[in-house]
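Each chain, written out:
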Amino acid sequence: MSGQSQMEFETVIGLEIHTQLATQSKMFCRCSTEFAAPPNANACPVCMGLPGVLPVLNHRVVEFAVRLGLATHCKIRLDSQFARKNYFYPDLPKAYQISQFDRPICENGWVEIQVDGNPKRIGITRIHMEEDAGKLVHEGADRRATYVDLNRAGVPLLEIVSEPDLSSPDEAKTYMEKIHSLVTYLEVSNGDMEKGNMRADANISLRPAGTRELGTRTETKNINSFRFVREALAYEIERQREELLAGRPIVQETRLWNPASKSTFVMRSKEEAHDYRYFPEPDLPLVTIEASWLKEIEATLPELPDAKAQRFREQLGLSAHDADLLVADRRTAEFFEAVVQEGADPKRAANWVMGDLAAKLNEDKTTVTDLKFAAGGLAELIALIGEGTISGRMAKTVFDALYETGQSPRNFVREKGLSQESDTGALEEMIDQVLSDNPHQVAQYRGGKQKVFGFFVGQVMKASGGRANPAIVNGLLKKKLA
Amino acid sequence: MNDGKPVFSLEEIEKIADLAKLELTQAEKEVFSGQFAEILDYFRTIESVATDDIPAYATGDSSPHFRQDVAENSPVSPESFSEFLENGHFKVPRVIE
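Quick mapping for you: the protein sequence lines, in order, are chains A and B. Numbering follows our numbering, with no gaps: position 198 of the first sequence is 198. Numbering follows our numbering, with no gaps: position 28 of the second sequence is 1028.
If you are wondering where the hints come from, they were derived from the structure by calculation, not from laboratory data. Please note that the accuracy of each hint is not assured.
[Stated by the list, open to error] Okay, derived cross-link-like pairs now, BS3-like style, lysine-lysine, Cα gap no bigger than 30 angstroms in a straight line:
#: 1; chain 1: A; residue 1: Lys365; chain 2: A; residue 2: Lys221
#: 2; chain 1: A; residue 1: Lys372; chain 2: A; residue 2: Lys396
#: 3; chain 1: B; residue 1: Lys1015; chain 2: A; residue 2: Lys295
#: 4; chain 1: A; residue 1: Lys449; chain 2: A; residue 2: Lys416
#: 5; chain 1: A; residue 1: Lys479; chain 2: B; residue 2: Lys1091
#: 6; chain 1: A; residue 1: Lys135; chain 2: B; residue 2: Lys1091
#: 7; chain 1: A; residue 1: Lys94; chain 2: A; residue 2: Lys262
#: 8; chain 1: A; residue 1: Lys94; chain 2: B; residue 2: Lys1029
#: 9; chain 1: B; residue 1: Lys1015; chain 2: A; residue 2: Lys85
#: 10; chain 1: A; residue 1: Lys347; chain 2: A; residue 2: Lys120
#: 11; chain 1: A; residue 1: Lys295; chain 2: A; residue 2: Lys135
#: 12; chain 1: B; residue 1: Lys1021; chain 2: A; residue 2: Lys135
#: 13; chain 1: A; residue 1: Lys221; chain 2: B; residue 2: Lys1029
#: 14; chain 1: B; residue 1: Lys1091; chain 2: A; residue 2: Lys85
#: 15; chain 1: A; residue 1: Lys135; chain 2: B; residue 2: Lys1015
#: 16; chain 1: A; residue 1: Lys120; chain 2: B; residue 2: Lys1021
#: 17; chain 1: B; residue 1: Lys1021; chain 2: B; residue 2: Lys1091
#: 18; chain 1: B; residue 1: Lys1091; chain 2: A; residue 2: Lys94
#: 19; chain 1: A; residue 1: Lys347; chain 2: A; residue 2: Lys178
#: 20; chain 1: B; residue 1: Lys1029; chain 2: A; residue 2: Lys195
#: 21; chain 1: A; residue 1: Lys396; chain 2: A; residue 2: Lys347
#: 22; chain 1: A; residue 1: Lys479; chain 2: A; residue 2: Lys451
#: 23; chain 1: A; residue 1: Lys195; chain 2: A; residue 2: Lys462
#: 24; chain 1: A; residue 1: Lys135; chain 2: A; residue 2: Lys120
#: 25; chain 1: B; residue 1: Lys1029; chain 2: B; residue 2: Lys1015
#: 26; chain 1: A; residue 1: Lys178; chain 2: A; residue 2: Lys94
#: 27; chain 1: A; residue 1: Lys416; chain 2: A; residue 2: Lys451
#: 28; chain 1: B; residue 1: Lys1091; chain 2: A; residue 2: Lys416
#: 29; chain 1: A; residue 1: Lys478; chain 2: A; residue 2: Lys449
#: 30; chain 1: A; residue 1: Lys451; chain 2: B; residue 2: Lys1029
#: 31; chain 1: A; residue 1: Lys94; chain 2: B; residue 2: Lys1015
#: 32; chain 1: A; residue 1: Lys416; chain 2: A; residue 2: Lys295
[Said to hold, decoys possible] Simulated coverage check for chain B against chain A, where a stretch passes if three residues somewhere in it have a Cβ under 8 angstroms from a Cβ of chain A:
#: 33; stretch: 1031 to 1037
#: 34; stretch: 1040 to 1051
#: 35; stretch: 1085 to 1092
Glycine included, C-beta positions come from ideal geometry on N, C-alpha and C.
Construct the entire structure; sequences and hints are all you get.
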């Protein structure tokens, strides 16, 4: 067909995010949820699916679900219900997963994300509670065997299902980061991506631009990082586009993201919901939530990232961009606030926290909770720059020392004799020397070649061993060259 | 629907067997087809019971029933009931989708 190859498509994405809850024990039994225990060390008759056992719901799981539901503006169901999702696979020895189906605990909420500097609401269809499955190892000694570790079986998860409101891989990534930020603020999940605390499945379809009807969608599983969600979706959009342009229909199927090959491949044709034969879980009563409990949970919600960002903008004068970046991680935001409370200028404090500090933490794969120095240390460093004792360049050295050893910046500067040369007389001497040593450049500058100015500044800095106060040098040089 | 018993096609039996990861012989498929039809037929009898005023789900106890979030090791170890263990893992026939 003519025109087909110029056809513009728009992308429709919905995410299902699974987040592991930060409970001590599993969802329906007392087994520990600790990570990396020896195989089946944290397994009991309940999570091993032995006959005759009964599940008993962990109180905290409900509390955590309600916390996240309230934070995402959901309606909280006061009598939600568990359902059995039946499937046969050895990662779930009961042959069913206890999940929720038509009566989930949270429904109809939303979160706000920033798209090109503008707010966009992403609908939350539902949040439900369910148990995780065990881990299968196919690469054991016996090639004809699969090895089953049930430590993860029964670990509590929340599944957060979004409306198909996301329009690009970048939006999907931003949304996933937002959910991550919320669950860590609320302390319902550790949010440790390395340990698989958050995994996403992405439903994606294309439709001709401007049309309303949804195209056939595929589901991509196994997305366990913010980078992968963008890469996997970008790949899948391109794949579907090529299919549609070639006149081939999209097959509704489940695909798996392979981070190594940066591509998706077919996992299995999508089982229809009724293939799971959901039915109400007869071993568990309705999950009833007393109004008083709901109020109590609501009253103990922490300040959430949106509110914090607003406060940073309005009270501390930060830009929207800086405020959003700072609040993404609760610990980082709290550290920043502590630095400001120690008297640092908010804008400078934000620059240090998001710049040099973030870079170091990223390099060392650690977080602000493991720092060798307190907020006061960074505030002191910022004060030293503000009062002109050290230059911006010296500050880097001082910061490195602070970061590595935790040594007080003021002591470090005194010990190393790092303070900036601001004495006009001493600087004038150096400048006079530089000018008399370089008559050729002086002539060039006076002849109109302004660029040479930087050369003089550099020479003076060199003569001072990097200690000259650049602002004063600039002023003096201008005067002498005039 | 027809007036007689519900009909179960061989394709439906095969799909159910597939979901249950079972391999059935032709003869078994035919036997199950008849038995499934009988089971479904019985639902007509159940449907004739007036249930409009009865909630679809009730345990008889609507009070919250929770346990506190405290971890504790189980006294029952996998070794105590299974001989199909290797380096702590349960060993099952290989499954790969």
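Comparing the hints with the structure gives:
1. A threshold of 30 angstroms between alpha carbons decides the hint, and for A/Lys365 with A/Lys221 the separation of about 26 angstroms falls inside it, so the pair holds.
2. Only pairs whose Cα atoms come within 30 angstroms are accepted, and A/Lys372 paired with A/Lys396 is accepted, the gap being roughly 17 angstroms.
3. For the hint pairing B/Lys1015 with A/Lys295, the CA-to-CA distance comes to about 48 angstroms; that exceeds 30 angstroms, so the pair is violated.
4. Taking the CA atoms of A/Lys449 and A/Lys416, the gap is about 38 angstroms. The hint is violated against a cut of 30 angstroms.
5. With a CA separation close to 84 angstroms, the supplied pair A/Lys479 and B/Lys1091 exceeds the 30 angstroms bound.
6. Note on A/Lys135 and B/Lys1091: the hinted pairing holds, with a Cα-Cα distance of about 12 angstroms set against a maximum of 30 angstroms.
7. A hinted pair counts as satisfied when its Cα atoms are at most 30 angstroms apart, and A/Lys94 with A/Lys262 does not qualify at roughly 35 angstroms.
8. Taken as a hint, the A/Lys94 and B/Lys1029 pair is honoured in the structure, with Cα atoms around 25 angstroms apart against an allowance of 30 angstroms.
9. Annotation: proposed proximity of B/Lys1015 to A/Lys85 holds, straight-line Cα distance about 17 angstroms (limit 30 angstroms).
10. Taking the CA atoms of A/Lys347 and A/Lys120, the gap is about 26 angstroms. The hint holds against a cut of 30 angstroms.
11. Taken as a hint, the A/Lys295 and A/Lys135 pair is broken in the structure, with Cα atoms around 38 angstroms apart against an allowance of 30 angstroms.
12. In summary, the hint linking B/Lys1021 to A/Lys135 is supported, as the alpha carbons are separated by about 19 angstroms, within the 30 angstroms threshold.
13. Between A/Lys221 and B/Lys1029 the CA atoms are separated by roughly 34 angstroms; this puts the pair beyond 30 angstroms, and the hint is violated.
14. With a CA separation close to 24 angstroms, the supplied pair B/Lys1091 and A/Lys85 stays within the 30 angstroms bound.
15. Taking the CA atoms of A/Lys135 and B/Lys1015, the gap is near 27 angstroms; set against the 30 angstroms cutoff, the hint holds.
16. Note on A/Lys120 and B/Lys1021: the hinted pairing is violated, with a Cα-Cα distance of about 45 angstroms set against a maximum of 30 angstroms.
17. Of the pairs offered as hints, the one joining B/Lys1021 and B/Lys1091 holds, with about 18 angstroms between alpha carbons and a cut-off of 30 angstroms not exceeded.
18. Taken as a hint, the B/Lys1091 and A/Lys94 pair is honoured in the structure, with Cα atoms around 16 angstroms apart against an allowance of 30 angstroms.
19. Distance check on the hinted pair: A/Lys347 and A/Lys178 sit about 23 angstroms apart at the alpha-carbon level, within 30 angstroms; holds.
20. Pair hint B/Lys1029 plus A/Lys195 does not hold up; C-alpha atoms about 45 angstroms apart against a cutoff of 30 angstroms.
21. Pair hint A/Lys396 plus A/Lys347 holds up; C-alpha atoms about 17 angstroms apart against a cutoff of 30 angstroms.
22. A C-alpha spacing of about 16 angstroms is found between A/Lys479 and A/Lys451, which places the hinted pair at or below 30 angstroms, so the restraint holds.
23. For the suggested pair A/Lys195 and A/Lys462, the alpha carbons sit about 49 angstroms apart, so the restraint of at most 30 angstroms is broken.
24. Simply put, A/Lys135 and A/Lys120 have alpha-carbon atoms about 37 angstroms apart, too far for the 30 angstroms limit, and the pair is violated.
25. Between the alpha carbons of B/Lys1029 and B/Lys1015 the distance comes to roughly 11 angstroms, so the proposed pair stays at or under 30 angstroms and holds.
26. Using a Cα cut-off of 30 angstroms, the hinted pair A/Lys178 and A/Lys94 is violated, with the two alpha carbons roughly 34 angstroms apart.
27. The suggested pairing of A/Lys416 with A/Lys451 is violated, with an alpha-carbon distance near 34 angstroms, which exceeds 30 angstroms.
28. Simply put, B/Lys1091 and A/Lys416 have alpha-carbon atoms about 64 angstroms apart, too far for the 30 angstroms limit, and the pair is violated.
29. For the given pair, A/Lys478 sits about 14 angstroms from A/Lys449 by alpha-carbon distance, which is consistent with the 30 angstroms threshold.
30. A threshold of 30 angstroms between alpha carbons decides the hint, and for A/Lys451 with B/Lys1029 the separation of about 90 angstroms lies outside it, so the pair is violated.
31. With a C-alpha separation of about 21 angstroms, the suggested pair A/Lys94 and B/Lys1015 falls inside the 30 angstroms cut-off, and the hint holds.
32. With a C-alpha separation of about 57 angstroms, the suggested pairing of A/Lys416 with A/Lys295 is violated against the 30 angstroms cut-off.
33. Evaluation of the coverage hint for the stretch 1031 to 1037 of chain B: breached, as 0 residues show C-beta separations to chain A shorter than 8 angstroms, against a requirement of three.
34. Look at the stretch 1040 to 1051 of chain B against chain A: 0 of its residues bring a Cβ nearer than 8 angstroms to a Cβ of that chain, fewer than three, so the hint is violated.
35. Counting residues of the stretch 1085 to 1092 of chain B whose CB lies closer than 8 angstroms to any CB of chain A gives 8, which reaches the minimum of 3, so the coverage claim holds.
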